[in-house]
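**Student:** Each chain, letter by letter, is given below.
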Amino acid sequence: VRRFFMFRITKSEGVFFEKFEEAAEKVLECANLLFDLMTNYTDIGAKIKRIECLESDCDSYVHQTIEYLNKSFITPIDREDIFLIAKETDDVVDSIEAIAHRFAMYNVTSLRPEAIEFAALIPQSVEKLKDLMYEMKKMKKSKKISEIIIEINRLENVGDKMYRENMTKLFSEEDNAIEVVKWKSIYELIEKVLDNCEDVANIVEGVVMKHA
Amino acid sequence: VRRFFMFRITKSEGVFFEKFEEAAEKVLECANLLFDLMTNYTDIGAKIKRIECLESDCDSYVHQTIEYLNKSFITPIDREDIFLIAKETDDVVDSIEAIAHRFAMYNVTSLRPEAIEFAALIPQSVEKLKDLMYEMKKMKKSKKISEIIIEINRLENVGDKMYRENMTKLFSEEDNAIEVVKWKSIYELIEKVLDNCEDVANIVEGVVMKHA
Amino acid sequence: VRRFFMFRITKSEGVFFEKFEEAAEKVLECANLLFDLMTNYTDIGAKIKRIECLESDCDSYVHQTIEYLNKSFITPIDREDIFLIAKETDDVVDSIEAIAHRFAMYNVTSLRPEAIEFAALIPQSVEKLKDLMYEMKKMKKSKKISEIIIEINRLENVGDKMYRENMTKLFSEEDNAIEVVKWKSIYELIEKVLDNCEDVANIVEGVVMKHA
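Chains as they are written, first to last, in the numbering used here: chain A, -4 to 207; chain B, -4 to 207; chain C, -4 to 207.
Where hints are given, some of them may not hold.
[To be verified] Dumping the calculated SDA-like pairs for lysine to any residue here, alpha-carbon to alpha-carbon at most 25 Å:
no.	chain 1	residue 1	chain 2	residue 2
1	B	Lys179	A	Glu168
2	A	Lys164	B	Glu174
3	B	Lys187	C	Lys133
4	A	Lys82	A	Ile145
5	A	Lys138	C	His58
6	C	Lys42	A	Glu151
7	B	Lys187	B	Lys133
8	C	Lys187	A	Ile145
9	A	Lys82	C	Asp86
10	A	Lys205	B	Arg74
11	C	Lys187	B	Glu174
12	B	Lys44	C	Thr163
13	C	Lys156	B	Lys135
14	C	Lys133	B	Gly40
15	B	Lys133	A	Tyr63
16	C	Lys136	B	Tyr63
17	B	Lys179	A	Ser7
18	C	Lys164	C	Ala115
[Said to hold, decoys possible] Covered stretches of chain B (in silico footprint by chain A; criterion: 3 or more residues with CB under 8 Å from a CB of chain A, positions within the stretch not fixed):
no.	region
19	30 to 42
20	174 to 183
[Stated by the list, open to error] DEER-style ranges, computed between Cβ atoms:
no.	chain 1	residue 1	chain 2	residue 2	range
21	A	Arg74	B	Ile69	29 to 37 Å
22	A	Asn152	B	Tyr36	28 to 36 Å
23	C	Gln59	A	His206	40 to 48 Å
24	B	His58	C	Gln59	29 to 37 Å
25	C	Arg149	B	Glu169	37 to 45 Å
Source of the hints: derived by calculation from the structure; they are not laboratory data. No residue lacks a Cβ here, since even glycine has one placed at the ideal position from N, Cα and C.
Kindly generate the complete structure, drawing on both the sequences and the hints.
**Tutor:** Following this line, the structure appears as structure tokens:
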């Protein structure tokens, strides 16, 4: 399972990194759109539709990556890691889409300021995820890669704290049970996106260690 | 990890496919019972008990498959794929059982028509899953296999849409918060079963690609 | 992937088992603290902080194990199994911490007796998990190992039943929807911890089978 030879990437091997970069760009677009939806809370239906389209594009990249993986004899990093990075990146975008859908499904008419502040972490974390995907192919020489991973972990920790604060505020201030149900669910999903980003970062960290 | 020789299955290798077929038959029985429970909403306790028994039978097949896997030197498809197919099939039946239990746990006295329509997708998808298990052993020659996988994916998409429509209806029409909590949870589980079926189909798709 | 030689563990290979033991000790401390928090429901904030610290210690062990794994050429059991045991043990402690946080987040002022009875299964199951970690390195000769695994499975089944009973009681007796939301969520997490313990036990069972 381990690879001991020099880390030189051939053109066909490089395809994996390109797919990861393309997928990450789409995830970032999705994350930015979600934040735009939340800060400019109008035309919700149309904005959700655009997020759906981007999620579907991202799906295609993931599918192409796995298809390419199943046809490749040699891979630049372990097969399992390619599979996991593709799968977990897909989870990030799925969770972002899930949040967007909730605003329509739960018939949310106005946003809580603390929800917006919390969700602002999503584009920040996904931006770092995108940087990580671009650094991966030069991991042997990259000085930035561990900084990026630490930053994604830091954002997840900040998110954990905000998640708990928002929940505490929700349960101590909101009397309408249906509102509690809606926002509890949305907060859980925001926290999940940040977790998903950290999962990708942790897999990449493992890959870097193996090649160190 | 890859296998390059001709895809010929010996008798002992064939055991894996038989176990998958047997497990799938039990899952289908479970799915049909759940739908029967929902359409003939009487004797709930007895019907749940029967679903529990079938889930337990299905558990045994999964356990036998993994036990057999751990003792086998040669497998007809990658070890990880056998493990994943067994595990994800188990997830399908676990989620079906979980739905059945909810009707008792949540003290549900009458069913929503849209819930029944939504849940009708479960036996449809599991029926296809069973077909898939029977086609797997002849994957090299099977023309049906990709049709089946596409159909399972299509049913998951239909389910996604119905899930969102049912949720929107629930949150816009139901004033009783406890009813909202109950049905939100049931809808999430119905959607999960369809996701679980798609997960199995996607793993089989990967297996077919590797052997193409 | 399989190992056919005699099961003799070198000093450097033994590190994996030591890390599992150390992590399990921390998980048990966490489980006991959670139960103490629930039975002596005072100083909640301080008790949660201590659980957080222990969870963070446990995280370090898991991280060290995976780091060590990525640097090791030879491992006493399959690489995937080491990774999975580390990851699932982390899930146990994460779920325990999540329960503790909920008491503060949901502003829970008094505990239900049936919740305490249910949660009492957690230290019982984690105690067995710790025993399992100590038996793993002598798996060839251990007579206790299968007893322990059976006991963890039994506790999960008992938990499943209690989970359903507690939910039934909650939905039939509680009129306050927000209380229903809180306790539904806490019960789901208690059941999840017992599931996570069973997951670890099942992986170890697979490891034992491979080496039988």
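**Student:** Taking the hints in turn, state whether each one holds.
**Tutor:** Checked hints:
Proposed proximity of B/Lys179 and A/Glu168 is supported: the alpha carbons are some 23 Å apart, at most 25 Å. Restraint check for A/Lys164 and B/Glu174: the C-alpha separation of about 24 Å stays at or below 25 Å, so the hint holds. Annotation: proposed proximity of B/Lys187 to C/Lys133 is violated, straight-line Cα distance about 40 Å (limit 25 Å). Annotation: proposed proximity of A/Lys82 to A/Ile145 holds, straight-line Cα distance about 21 Å (limit 25 Å).
Proposed proximity of A/Lys138 and C/His58 is supported: the alpha carbons are some 21 Å apart, at most 25 Å. Restraint check for C/Lys42 and A/Glu151: the C-alpha separation of about 23 Å stays at or below 25 Å, so the hint holds. Our distance criterion of 25 Å between C-alpha atoms is broken by B/Lys187 and B/Lys133, whose separation comes to about 29 Å. Distance restraint check for C/Lys187 and A/Ile145: the Cα-Cα separation of roughly 29 Å exceeds the 25 Å cut-off, and the hinted pair is therefore not satisfied.
The suggested pairing of A/Lys82 with C/Asp86 holds, with an alpha-carbon distance near 19 Å, which does not exceed 25 Å. Taking the CA atoms of A/Lys205 and B/Arg74, the gap is about 23 Å. The hint holds against a cut of 25 Å. Distance restraint check for C/Lys187 and B/Glu174: the Cα-Cα separation of roughly 24 Å lies within the 25 Å cut-off, and the hinted pair is therefore satisfied. Proximity of B/Lys44 to C/Thr163 is assessed by CA-CA distance (about 16 Å); at most 25 Å being required, the pair is judged to hold.
Of the pairs offered as hints, the one joining C/Lys156 and B/Lys135 is violated, with about 45 Å between alpha carbons and a cut-off of 25 Å exceeded. Between C/Lys133 and B/Gly40, the direct Cα distance comes to roughly 45 Å. Violation of the 25 Å bound is thereby established for this hinted pair. The straight-line distance between the Cα atoms of B/Lys133 and A/Tyr63 is roughly 23 Å, inside the 25 Å bound, and the hint therefore holds. Distance restraint check for C/Lys136 and B/Tyr63: the Cα-Cα separation of roughly 22 Å lies within the 25 Å cut-off, and the hinted pair is therefore satisfied.
Note on B/Lys179 and A/Ser7: the hinted pairing is violated, with a Cα-Cα distance of about 46 Å set against a maximum of 25 Å. Taken as a hint, the C/Lys164 and C/Ala115 pair is honoured in the structure, with Cα atoms around 18 Å apart against an allowance of 25 Å. Evaluation of the coverage hint for the region 30 to 42 of chain B: breached, as 0 residues show C-beta separations to chain A shorter than 8 Å, against a requirement of three. Coverage of the region 174 to 183 of chain B by chain A holds. Counting CB-CB distances below 8 Å, 3 residues qualify, and the rule asks for three or more.
In this structure the supplied range 29 to 37 Å is violated for A/Arg74 paired with B/Ile69, their Cβ-Cβ distance being about 20 Å. Between A/Asn152 and B/Tyr36, the C-beta spacing of about 47 Å breaks the proposed range 28 to 36 Å. The given range of 40 to 48 Å is broken by C/Gln59 and A/His206, whose C-beta atoms sit roughly 19 Å from each other. Roughly 32 Å separates the CB atoms of B/His58 and C/Gln59, a value that falls within the hinted 29 to 37 Å.
For C/Arg149 and B/Glu169, the hinted distance range of 37 to 45 Å is satisfied, since their beta carbons lie about 40 Å from each other.
In summary, the structure is inconsistent with hints 3, 7, 8, 13, 14, 17, 19, 21, 22 and 23 from the numbered list given earlier, while agreeing with the others.
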